[in-house]
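Asker: What follows is the residue order along each chain.
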Amino acid sequence: MTDEPLLRVAALSKFYGSRVGCDNVSFDLWPGEVLAVVGESGSGKTTLLNCLSTRLLPSSGTASYRMRDGQFRELYRMSEAERRFLMRTDWGFVHQNPADGLRMTVSAGANVGERLMAVGDRHYGKIRATAVDWLSRVEIEQDRIDDEPRAFSGGMRQRLQIARNLVTGPRLVFMDEPTGGLDVSVQARLLDLLRGLVTDLGLAAIVVTHDLAVARLLSQRMMVMKDGRVVESGLTDRVLDDPRAPYTQLLVSSILQV
Amino acid sequence: MTDIATYNFAYLDEQTKRMIRRAILKGIAIPGYQVPFASREMPMPYGWGTGGVQVTASIIGPDDVLKVIDQGADDTTNAVSIRAFFRKVANVAVTTETASASIIQTRHRIPEHPLSAGQVLVYQVPIPEPLRFLEPRETETRKMHALEEYGLMHVKLYEDIAKHGRIATTYAYPVKVEGRYVMDPSPTPKFDNPKMHRSPALQLFGAGREKRIYAVPPFTDVVSLDFEDHPFEVQTFDQPCALCAAENVYLDEVILDDHGGRMFVCSDTDHCEKRREAGHRGHLAPESDPTSQTMEPAQ
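So the protein sequences, as listed, match chains A and B.
All letters in the first sequence, in the order written, are residues 8 to 265 by the working numbering.
All letters in the second sequence, in the order written, are residues 38 to 336 by the working numbering.
Among the clues, some could well be false.
Simulated pairs of lysine to aspartate or glutamate, EDC-like, Cα-Cα distance not exceeding 20 Å [stated by the list, open to error]: (1) B/Lys213 / B/Asp197; (2) B/Lys180 / A/Glu87; (3) A/Lys133 / B/Asp266; (4) B/Lys200 / A/Asp153; (5) B/Lys227 / B/Asp197; (6) B/Lys213 / B/Glu177; (7) B/Lys180 / A/Asp107; (8) A/Lys133 / B/Glu265; (9) B/Lys200 / A/Glu155; (10) B/Lys193 / A/Asp128.
Derived contacts from chain B toward chain A, CB cut-off under 7 Å, selection only [as the list claims (entries may be wrong)]: (11) Leu184; (12) Gly188; (13) Val192; (14) Tyr195; (15) Glu196; (16) Ile198; (17) Ala199; (18) Phe264; (19) Glu265; (20) Asp266; (21) His267.
Simulated from the structure, these hints should not be mistaken for lab results.
None of these values were measured; they are calculated from a predicted model.
C-beta atoms are modelled at their ideal positions from N, C-alpha and C, and glycine is treated no differently.
Construct all of the structure, not just a fragment, from the sequences and the given hints.
Answerer: Here it is, written out as structure tokens:
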């Protein structure tokens with residue numbers, strides 16, 4: 008492993024007019040590290056994620072990404088073509104609602120193969136073999152390869168979305184509430200799967216969630232956000248077991264016990 | 038001449054023609070790029086060739102000879118009406134002969150007779166955007182063209198093979214022009230795609246409802262998209278034309294009766310007639326008059 012971070016974020020802020028989206032966020036993300044961003048809704052975690060994934064331009068601040076050649080590039084100074092290329096090769100984005108991240112009217116196989124074709128793969132047999140391989144890795148039956156995601160359950164759609172994102176071997180994946188809207192048993196399987204994939208592939212990930220249990224299971228480090236600001240950050244276990252900021256204490260103590 | 042005095046030459050006013058010519062020139066300068074233009078109301082409904090008619094009206098001169106085909110035929114309503122329209126508003130010579138026309142306006146075919154330098158082929162285009170059915174947002178498709186992100190086009194071909202075992206797209210088959218823009222060749226059968234490649238004729242495409250003009254200059258590379266293990270192929274027919282016995286041409290199926298009787302004849306009527314005049318006879322050609330204009334087979 009290298010001693011240089013994958014992503015360097017410095018003083019990132021996003022304002023919607025006079026309203027704060029996120030304010031003065033700085034952190035480094037290392038290769039293979041999973042960072043959870045938690046906070047209640049409206050705390051700016053999705054704004055932060057959208058800024059980092061260049062789906063949104065920040066009002067100020069910088070974020071630099073270490074490209075595959077080892078050079079750091081300032082994300083917001085790249086051309087749109089470069090950013091979009093990065094988006095579909097070295098990065099992944101898992102949406103909360105799979106319908107936002109999938110093409111609902113083309114088959115599961117084509118959904119997985121799209122990124123390969125986008126980077127110039129022109130051999131049908133190879134694309135299909137890769138799609139079959141990835142479907143089995145996310146526990147989707149092979150005979151569903153020609154079905155449209157419309158015919159899939161919520162959990163399957165989410166797994167398909169993950170396969171579609173990971174097929175080009177990205178190094179950094181953004182996840183926005185990846186388990187939102189799934190029932191608990193499906194959630195558990197998905198988390199299991201994600202944890203396995205992240206360790207196997209050595210992925211770095213930024214996971215936005217309001218569910219502290221998800222953060223505990225997936226991440227090594229976490230940031231707690233409130234009103235657009237980071238109120239606490241540190242190792243996940245430390246933050247959850249020994250919360251220091253009053254807001255984090257409130258958040259941790261609000262977990263329902265069954 | 039009195040009845041044409043009420044119209045400007047070729048129906049459109051000079052400013053409009055100038056605007057359309059600028060769009061055409063831009064289209065020629067950037068092969069395959071869809072140039073927006075201010076499409077006018079024409080005295081015909083959208084879908085009947087308003088784009089093609091505006092392009093033709095903008096480039097036609099008094100010395101031009103016009104041919105209009107509809108699915109290859111010179112004698113169908115659309116072709117006859119547009120030919121009559123230009124005879125009336127531009128007073129130009131018209132023909133059905135491919136070789137002697139200087140401008141050929143076409144709906145969904147490229148003539149079988151090879152085109153030559155100096156000829157202009159004007160296509161009527163219903164939907165100019167090849168990515169439209171895959172990506173409904175115009176803002177997004179424009180961006181995809183700008184950034185040359187054409188992976189999605191192959192997703193469609195992938196779907197074809199996954200569902201049918203082969204590329205089942207038979208018309209409006211997407212092509213890449215001069216290695217850059219992916220273009221919809223209008224709903225011509227893919228049989229005609231190879232004729233676009235390095236054609237000596239200028240090819241202009243007009244979409245009236247969608248307000249787009251694009252062009253393929255002469256001798257431009259036009260390559261049909263495909264997969265390495267599923268290469269592009271054109272349709273083949275297992276029998277020759279029933280009237281003129283032509284092979285390797287595009288055939289139409291004609292239903293003869295309600296007992297399953299059918300025949301396959303050239304879609305290009307001019308080509309078929311020329312061949313019959315030259316003495317070629319298919320197995321259903323009429324006995325008496327081989328140059329007969331009727332399409333009725335001998336019973």
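Asker: Taking the hints in turn, state whether each one holds.
Answerer: Hint-by-hint comparison with the structure:
1. B/Lys213 / B/Asp197: Between lysine 213 of chain B and aspartate 197 of chain B the Cα gap is close to 19 Å, so the pair holds against 20 Å.
2. B/Lys180 / A/Glu87: Measuring from Cα to Cα gives roughly 10 Å; hence the hint holds.
3. A/Lys133 / B/Asp266: holds, 9 Å
4. B/Lys200 / A/Asp153: Holds, at roughly 7 Å.
5. B/Lys227 / B/Asp197: Holds, at roughly 15 Å.
6. B/Lys213 / B/Glu177: holds, 19 Å
7. B/Lys180 / A/Asp107: Holds, at roughly 19 Å.
8. A/Lys133 / B/Glu265: holds, 10 Å
9. B/Lys200 / A/Glu155: The given pair, whose Cα atoms are some 12 Å apart, holds under the 20 Å limit.
10. B/Lys193 / A/Asp128: Holds, at roughly 14 Å.
11. Leu184: Because about 5 Å separates leucine 184 of chain B from the closest Cβ in chain A, which is inside the 7 Å limit, the hint holds.
12. Gly188: Nearest chain A Cβ about 3 Å off; hint holds.
13. Val192: Constraint on valine 192 of chain B satisfied, holds at 5 Å.
14. Tyr195: Nearest chain A Cβ about 5 Å off; hint holds.
15. Glu196: holds, 5 Å
16. Ile198: Nearest chain A Cβ about 5 Å off; hint holds.
17. Ala199: Cβ of alanine 199 of chain B sits 5 Å from chain A, so the hint holds.
18. Phe264: holds, 4 Å
19. Glu265: Since the shortest Cβ distance to chain A is 5 Å, the answer is holds.
20. Asp266: holds, 5 Å
21. His267: Holds. Min distance 5 Å.
Comparing the model with each earlier hint shows no violations; every hint is respected.
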